Amino acid sequence: MIKEMVCINCPRGCQLKVDTDLLTVTGNTCPRGKDYGISEVTNPVRTVTSTVKITGGLIDRVSVKTNHPISKDLMTACMDEINKITVKAPIKIGDIIISNVLNTKADVVATKSVGKKNG
Amino acid sequence: MENRDLVIIGGGPAGLAAGYGAYKAGVKDILLIERDNTLGGILNQCIHNGFGLHRFKEELTGPEYASRYEEMVKETNIEVRSNTMAIDLSDDKVITVVSSKRGLEQIKAKAVILAMGCRERSRGAISTPGARVSGIFTAGAAQKYCNIDGYLVGKRIVILGSGDIGLIMARRMTLEGAKVLADVELCPYSNGLNRNIAQCLNDFNIPLYLSYTVTDIIADEDNKRVKQVVISKVDEKKKVIPGTEIAFDCDTLLLSVGLIPENELSKKAGIELDSRTKGPLVYDNLETDKEGIFACGNVLQVHDLVDNVSMEGERAGKNAAEYLSKGERNASLIKTIPGSGIGYVCPQYIRKDSLKDDVDIFFRVRVPSSNVRLVLEKNGKEFFSIPKIKVVPSEMESIRIKKEMLPDASEITLSLKENK
Amino acid sequence: MHFDVTIIGAGITGSAIAFELSKYQLKVAVLEKENDVSMKTTKANSGIIHAGYDPKPGSLMARLNVEGSQLTHDLYPLLNFHYKQIGSLVIGSTEEEHQVINDLFERGLKNGVKDLHILKTSAEVHQYDHNLASNIDYALYAPTAGIISPWELCLALAYTATINGVDFILNCEVKDITKNDKGFLISTSKGNYESTYVINCAGTHADDIYKLVLKDRKNDSFTILPCKGEYYLLDKDQGSLMNHVIFQTPTKLGKGVLVSPTVHGNLIVGPNADYEDATKDDTCTLQTSLDFVKASSLKSSANLFFGANIRNFSGIRATLKDQDDFLIEESKIVPHFINFAGIKSPGLSCGPAFGKEAIRLLEKAGLNFVEKKEFHYYRLPTFFSNMTLEEKKQAIISNPLYGQVICRCETVTEAEIINAINAPIGATTIDGIKRRTNAGMGRCQGGFCGPKVFQLLMDELKLNYDQVYQDRDGSEVVVCKTKGEK
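Chains as they are written, first to last, in numbering that gives the first Met the number 0: chain R, 0 to 118; chain V, 0 to 419; chain S, 0 to 485.
Fair warning: there could be bad hints in the mix.
[What the hints assert, rightly or not] Simulated DEER-style distance windows between Cβ atoms:
| no. | chain 1 | residue 1 | chain 2 | residue 2 | range |
| --- | --- | --- | --- | --- | --- |
| 1 | S | Ser239 | R | Ile95 | 30 to 38 angstroms |
| 2 | V | Glu70 | R | Ile95 | 55 to 63 angstroms |
| 3 | S | Asp280 | V | Ile245 | 45 to 53 angstroms |
| 4 | V | Lys107 | S | Ile162 | 21 to 29 angstroms |
| 5 | S | Thr222 | V | Pro392 | 20 to 28 angstroms |
| 6 | V | Asp352 | S | Gly264 | 36 to 44 angstroms |
| 7 | V | Pro187 | S | Thr287 | 23 to 31 angstroms |
| 8 | S | Thr278 | V | Pro187 | 35 to 43 angstroms |
| 9 | V | Ile336 | S | Gly264 | 31 to 39 angstroms |
Keep in mind the hints are simulated off the structure, nothing from the lab.
Being a predicted model, the structure only gives us computed values, none of them experimental.
From the three backbone atoms N, C-alpha and C, an ideal C-beta is built for every residue, glycine too.
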């Protein structure tokens, strides 16, 4: 069966045609596109970006992401895990907020630094 | 009055890149003014990824991309004044700024780079009729409430506009527990990146209604909040087709209906604006028609990729540096004219005789087109042509022209023609 | 609580009367249903101080318009609302329209309007306003007409009344009024009040209020017919398209679609006059009305650029079913109950004259007036954006929050927003801030400053996020915190 899809790896958004039996990909303009096509039909993954509650900071939310894509099926569960957390300022970009989230081997890391609110 | 060599107005991606570019090119005295209390501009609330694939060969989120440039700027001696807002600019480069800490100050600059970014168009810009109640937001405002302040502006949402901001917010609101009922797009095609349609709409089964627009907003009984949004189909001329209404029960309408460059300061300085881009008219070196005042980023032309904003910013910085050391480049002008199929062209003027390098011309097409040729003409005669398989209005394009290829002309026209 | 005079409604009428009464030794209250003053008709109109040639000679409208426009002009330096006397043109191009203009001129003379002048050639007309349609060749020029910020005038009058002792009771809906020998017993959503005199300034609900006190004589009440008018508000780069308020010749429906600079530098276009789709409190805009306004206005100038529209809005005027003139009188059925009903155009232009008229009526009805020894005008603070360079400098030195710009489009500072929250009738909502400071009134319509104003309201008034409203009580801006946070 041929599945058509858009590659989401980069803004080019190449239109891919993936043969789900042969696991071949056409329409990609780079090797990452081929990997994406195959993974989409075998084990689709997504990077989750969201925010986490933070207390004592200059703002009330610190932005985070999974540092590797995780299984698409786990997106909602991952959001639930992210929503449980409250961190305390200061937070530095790259700080690990959740290690090995849902056993995916991906960490949820801070994508911005948030300083402490002056008393 | 304070005297500075280079003042950059705006510490978002354009201004940061401009500062970095100017410093690298040898400018020793740079002041960067930012009205917010942190640098990074709009990137601070763009917490999704997709930034930096060109510039850093990595996929970064907005804040991470901003942080890269902030680190680069920290390595320089650029003075950053945050919580400082420019409220006036004169054509002889006197900038009036205000801040709580330092009060009102006037700074005389030898060169200025405008990097103030842009604003979102509001409901009034498209005159959507209906109730005027709470629950109607621009997508960017909803994004700020959500990602910085931690609020959901609504629970059942209809989005008007399928540009990237609308698409991104469709996903964001869904992830935070809202139900996005539809994304509604006036054009017969989406104006956002294909990848965003896939990962923001398709991933969450959010329907995209092409060739539709919002024709009514209905309030709850107390007339306090949105209760229903009505959409209708439009024909090829974008006129509403009666009898095609679809009503959505919802509490929120998000508008993602376009961006306008923010040029209040440019107007105060008497800088001439291009009615098509809504940004300043510039020469090939990004200098405006006021000597020593440059522009880059969304204030000049609305960009799709922040990587391009950075490139433009660094170029502006480099050119400002050259202006500071070598003075004004005087040369006869070639005016670039958007011809058939072309929405706008930037830069609007080329000073050929003082060109050092090739010149990149940036433009957008009016409608999606396939198998076309981009053609440059002088007096109706082609002197440069390049084939394009596919071009869309939502993706800024550029062509590079070698200095030698530029004719002796006062005008050249860029057009879209069929590729036979 | 017993008051000498209770005013129902805090629009321009109620506020102007409160202002005038606050000069005297009287206990006065204003009961307002909404959460702020000027929430209805007063904030959604053309913002014009008419010269006064339009109303029928001998009518209340004519007398009070001319009186009111002069009083407004005199109050301007004292109260510091935005006001400009730019003059108006009633334009025409056909024989019929020429005649109407001549009639208006005569009417104006009879009404005592000063300095009226007819422009009789196309060249002359276009000298006054070069962007007028090319076929316009005749115009009535009224130099005493002006433009104003209607809610600002209302606020200034209400603030002044407040600091001189009037009680503005907001969120107070009148449910019943009963006349007894002690006076009036007014039951409201905020409790009961007693008053010797009641002045009904309830706008589109004036008949509903009158019927409360009429009890079984309800049928003797006048009837209010709401009439909706819709507008375009164009960006500031269009503000200089016209030099004057431009009127088309009036028809039975009213003054017609006007085009005018606003006192803040925008261009306002509108209104239509829609009785069919109008209900008393509904301020929706309709596609058909907007289309009508646009098409109609293009007759005044072909150079109107609607691509620069930043906002559409609509206002409801209270018109009377059985008469064209205002109904301003002590009730013949219920003594000491005074009606100010059917206050449609030129209601705003009458403004302060309503205050004087109320005094005249109350005196006739037997109220004793003793002037207060002290009376203070509340001068609205000057906008930071209107200050000179030196004034701006000093402002920040005296209050550093003047250096923190919140609304980028209109250059509104944090100091002004905090002051608006702490004003004699303080802002408690996003739109309340907007009316007092202009924050959110610009090109991006609050898209950028909205979240900041939201936070300032929460901090200054110690509100929870679900207590910050867009405008009316209950119009919550956000619905919840993300991540289930309380």
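Hints and how they fare:
1. Remark: the range hint 30 to 38 angstroms for S/Ser239 to R/Ile95 is contradicted by a beta-carbon distance near 58 angstroms.
2. With their beta carbons about 20 angstroms apart, V/Glu70 and R/Ile95 fall outside the hinted range of 55 to 63 angstroms.
3. Taken as a hint, the range 45 to 53 angstroms is violated for the pair S/Asp280 and V/Ile245, whose Cβ atoms sit roughly 28 angstroms apart.
4. For the hinted restraint 21 to 29 angstroms between V/Lys107 and S/Ile162, the CB-CB distance of approximately 45 angstroms leaves it violated.
5. Between S/Thr222 and V/Pro392 the beta carbon distance is about 54 angstroms. The supplied range of 20 to 28 angstroms is therefore violated.
6. Distance hint check for V/Asp352 and S/Gly264: the Cβ-Cβ separation is about 42 angstroms, which falls inside the suggested range of 36 to 44 angstroms.
7. Under the hint 23 to 31 angstroms, the C-beta atoms of V/Pro187 and S/Thr287, about 26 angstroms apart, fit the expected range.
8. Taking 35 to 43 angstroms as the suggested C-beta distance range, the pair S/Thr278 and V/Pro187 conforms, at roughly 38 angstroms.
9. For V/Ile336 and S/Gly264, the hinted distance range of 31 to 39 angstroms is satisfied, since their beta carbons lie about 33 angstroms from each other.
Violated hints for the displayed structure, listed by number in ascending order: 1, 2, 3, 4 and 5.
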